[in-house]
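> Residues per chain, in single letters:
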Amino acid sequence: MPLFPIHRIRALLLLAAAAAACLYAGKEFRKMNAPDTILPGQGVSRIRALKDYFPNLEGTRSDSAVYFLESGRPGPTVLVLGGTHPNEPAGFLAAVALVESLRVKAGRLIVVPQACQSGFTCTDPLEGYPQSYSLRSRSRLRTFRFGSRAANPVEDWPDPIIYRHFPSGQQLSGNETRNLNRAYPGKSDGTTTEKTAFAIMKLIRDEKVNLAFDLHEAAPEIPIINAIVTHEKGRELAAGALLGLELENLPYALELSPPNFHGLSHREWGDGTPAIPFLLETTNPVQGRLRGRTGASLAVDGQDRQYRLAQESGRMRITYDAGGEPLARRVGRHLRAIQAVLETYNELHPEGRVELEGIPSYEEIIRNGVGSLLQ
Amino acid sequence: MANEPVVLAVMLAVFTAAVFVWKLPSGLALVLSAAAGALTAGEGLPVRHLVEGSFGYLDAVLIIATAMVLMKVVEAGGALGTISYGLMKWLYRWPSLLMIFVAFFVMFPGMLTGLSSACILTTGALVAPALQALGIPAASVGSLIAFLAVLGMVAPPINIPVMIIGGGVDMPYVGFDKPLLLATFPIAILTALYYRYRYVRTIVLEQVLSKLPPSLYVRHGMKLFLPLGLVVALMLSIRLFPQWVPDIGIPLIFMLGAVAGIFTGERFRFWPVARQGIREALPVMGILVGVGMFVQIMTLTGVRGFLAVGALQLPPALLCLGIALLMPAFGSAYAASSVLGVPLVYVFLGKNEIVIASALSLIAGIGDLMPPPMLLCSFAAQIVGEKNPWRILKECLPMILVSLLVGIAMILLADKVARLY
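So the sequence lines, in the order shown, correspond to chains A and B.
Going by our numbering, the first residue of the first sequence is number 1, and it counts up by one from there.
Going by our numbering, the first residue of the second sequence is number 1, and it counts up by one from there.
Please keep in mind that the hints were generated in silico from the structure rather than gathered at the bench.
None of the values given here were measured: they were computed from a predicted structure.
One or more hints might be untrue.
Said to hold, decoys possible - Label-pair distances were calculated between CB atoms; the ranges are:
(1) B:419 with A:305: 39 to 45 Å
(2) B:236 with A:347: 54 to 60 Å
(3) B:241 with A:305: 49 to 55 Å
(4) A:169 with B:248: 16 to 22 Å
(5) A:24 with B:17: 24 to 30 Å
(6) B:245 with A:42: 50 to 56 Å
(7) A:205 with B:244: 27 to 33 Å
(8) A:47 with B:272: 57 to 63 Å
Backbone N, C-alpha and C fix where the C-beta goes; we use that ideal spot for every residue, glycine too.
Please model the entire structure based on the sequences and the hints provided.
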C-alpha cells in the first residue's frame, strides 16, 4: 500500500481547505468584537455603564454604555433603549442620534443605544446577514455593526431546548433564551441575558425612570408594525401621541401589552417598576422571512422585490412601501413617536415637563438622511 | 448577477450532479451547490457565510455524535439486544399491540425533546433489530422509524416547530397539547397497523429470537438498563422539575449515559466503540454542515424569499397544495416553520391559530425526511444497514401523503377541529 494513497491526499487537501476557511472566517468573526464608535454630543452630561447597576456584568460582552442627557431643570426622567435586537438597526441608530444630537432643556434623558451589547458581536447563522453597514454622517463615513437578534451564543451555549421564562415559567423555544426582550424582569444569577435584563430593571428603578421607550423593528408581515405597544398604564399617553402622529400623516397602531405574554419590556417594566413603558415598532424588510437578496443595502435602503410581490399577492397584510423602507424613514418614525408621547405627557403634566432640542423634523430626516443626525 | 430562479436551478443542478454523477457524499454535494449558488448570484465565494452556515445546526451535530456513542455503548454492553429480545418475548402473541407499542416507544424521545433525530438514534435503534427479525425488510423498518421520528417531534408535550412559529407571531406555547395529539396519535396508530398488516403475519417466536442477539438479563439483571434509565430519568426530570434539575443539554445527558454503560453490562473497550459510533455518524453530521451552508446561501441570494413568496402567490385553490409541496421541500422542519410557518399563520388569520400552527408543524415536520438533506432517511439507513436512503423515503411516501392530508384538513377545518376538544 503506498504511503500516500489518493484518498488520504484528498482528505488532507480537504482538511487544509477547511482549516484555511475557518482561519479566514474566524478573523472576520473577531472583527465584530470591535465596538461601534458613538460620539457623545454636547447634550451628554455623563456616561455610565450597565455594570454600575449590576456589577456582575463588568468585563462581560453584555456591559453597555449608558448616556445621561441632563438639563439640570426639574422634570421627568425618560429612558430610551436601542439595540435590544441588534438586527433592527433603526432602533439602535435612533438612540445613537439622540446621544449625538440631542440637547435636553427640561427633565433628563437616559439612553442605552446597545441594550444587548453581546448581540452586536455576532450574526445569526442561516440568516445571511451582513456584518456591518455604512452611512455618511455630517463629517465622515460611519460604519456600524449589524448584529444578531439575540445575545452571542458563546455566552451561555448551548441553548436549552425549551426556554422557561423566569419567574412565570412560560415556555418558548430554546433560542429565545438569549432574547433580551423575553428575559425581563431578569435574574441576578441567571443566564447572561437574564442578568442584562436584571441590570436594566435596576437602572429603571434606581434612576426613578418615569417614561421608558424600547425601540424595535419588525418584519413587514408582522401585524404589530408602525405601532406603539404599551402597558395598561400608558394607554392614555399612547392614544394622545397617536392622534398627534395621525395629524402629521404618520399613522400608528396602538397595541396593549398582552397580560399573559411574559418577558417583554412593555409587560415587565410596567408591572415591575413605576415607569410607563412604550415599545415602538417600525417595518424592517431585512429581518423579514419573505425577503429576497440579503445584504447591507437592504438594511439601509429597505428595498425588496419579494416584499413588493408578497404585498401585490394580497394574501396577507404586508406593511411595506412599494418604494422601499429606508432607514431614514424608520429612524425618523422612532424619533417622531418618542417626541409625540413626550408632548402628550407635557400636556397632561404641565408642572413637570421634559423639553428636547436638536432633533430635526421627520421631513428633514427623510430629506437629509439618517447621516444628518450623526456627527 | 443571476436572479433567484436561476440561482436555485444552478444549486439543484450542482447538487444532483455531485450526488449522482460525481458520486460525492451528500454533505460535500451540498457545500458545492451552496458555493455554486453564491457564485451564480454574484456573491463571489463568501467564505464567512459558508462557515457561518456550517454552524447553523451545530447543536444537532453534537446530539447526533453523542447519541451514536451512547447507542454503540448500549449495543456493546448487551442492553440493545436484550431489549429487542424482551420486546419480542413479551408481545409476540399480539402483533398489532406489539407494533402500536413500538410506534409510541420510538416516538417517545421526540415527544420529550422535540428532536426527530433523537427518536431514530435512541429508541429507533433499539427496536430496529427486533423489527428486522420479524421479517420486515430493512428499508421498510428504516421508513417506519424515520416516519415515527417525525410524529415524535410533532407530538406533545414538546414541539419545536410550533415554538418557532409561535416565536415569530408572539404566541406563547400554551394550549397545543390536544391539537398536536389529534394531529399525531391517530396517524401513529394507523402507521403501526399499516406496517403490521403489510409485513407481519404470524410470529414464530423461536424463529424471530434466533435472529436476535441473546438476552443478557440473567447475567446482568436490571443493571443492564441503567444507562438508558439514567438518560430517560434525566430527560424527564429536566422537564418535570425544572426548578431543581438544571438543563445540562441533550449531548451531556447522552454522554453520561454512555459513561454509565461502561460499567453496567458486558465488558468492552470504550474508545474503539465510541470511535465507531462517531465514524458511523460522520456522513449524517456532514449533511447537517452542508445543509447549513445551503440554507445560508439560499437566504443570502434571495432564493429562500423567492420560494416563500412563490407559495404565497399561488391562487387560493392551489394554496393548500402549495403548502403541502413547498413546506416539506425546505428539507428541514425548523427552516420550513421559520420561513413559511410564520407568514402562513398570518395568511390564515381569523381561523383558530393554535390548530393552524399545529397543522403547519405536522406538514413542516415532513421536511426532515425530504431531500436534499434527507436527514431522517439517512439516519434510518445508517441504523438498519440500508445503503440507499432514497429507498427509505420511497417507503415513507404513503404515510407522508396521509400526514399531508391530515395537515391540510386541519388547516381547512381549523375552527371545527378546535371545537373537538
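> It remains to establish, for every hint, whether it holds in the given structure.
Now the hints, each set against the structure:
no.	hint	verdict
1	B:419 with A:305: 39 to 45 Å	41 Å, holds
2	B:236 with A:347: 54 to 60 Å	57 Å, holds
3	B:241 with A:305: 49 to 55 Å	51 Å, holds
4	A:169 with B:248: 16 to 22 Å	19 Å, holds
5	A:24 with B:17: 24 to 30 Å	27 Å, holds
6	B:245 with A:42: 50 to 56 Å	54 Å, holds
7	A:205 with B:244: 27 to 33 Å	30 Å, holds
8	A:47 with B:272: 57 to 63 Å	59 Å, holds
Violated hints: none; the structure is consistent with every hint.
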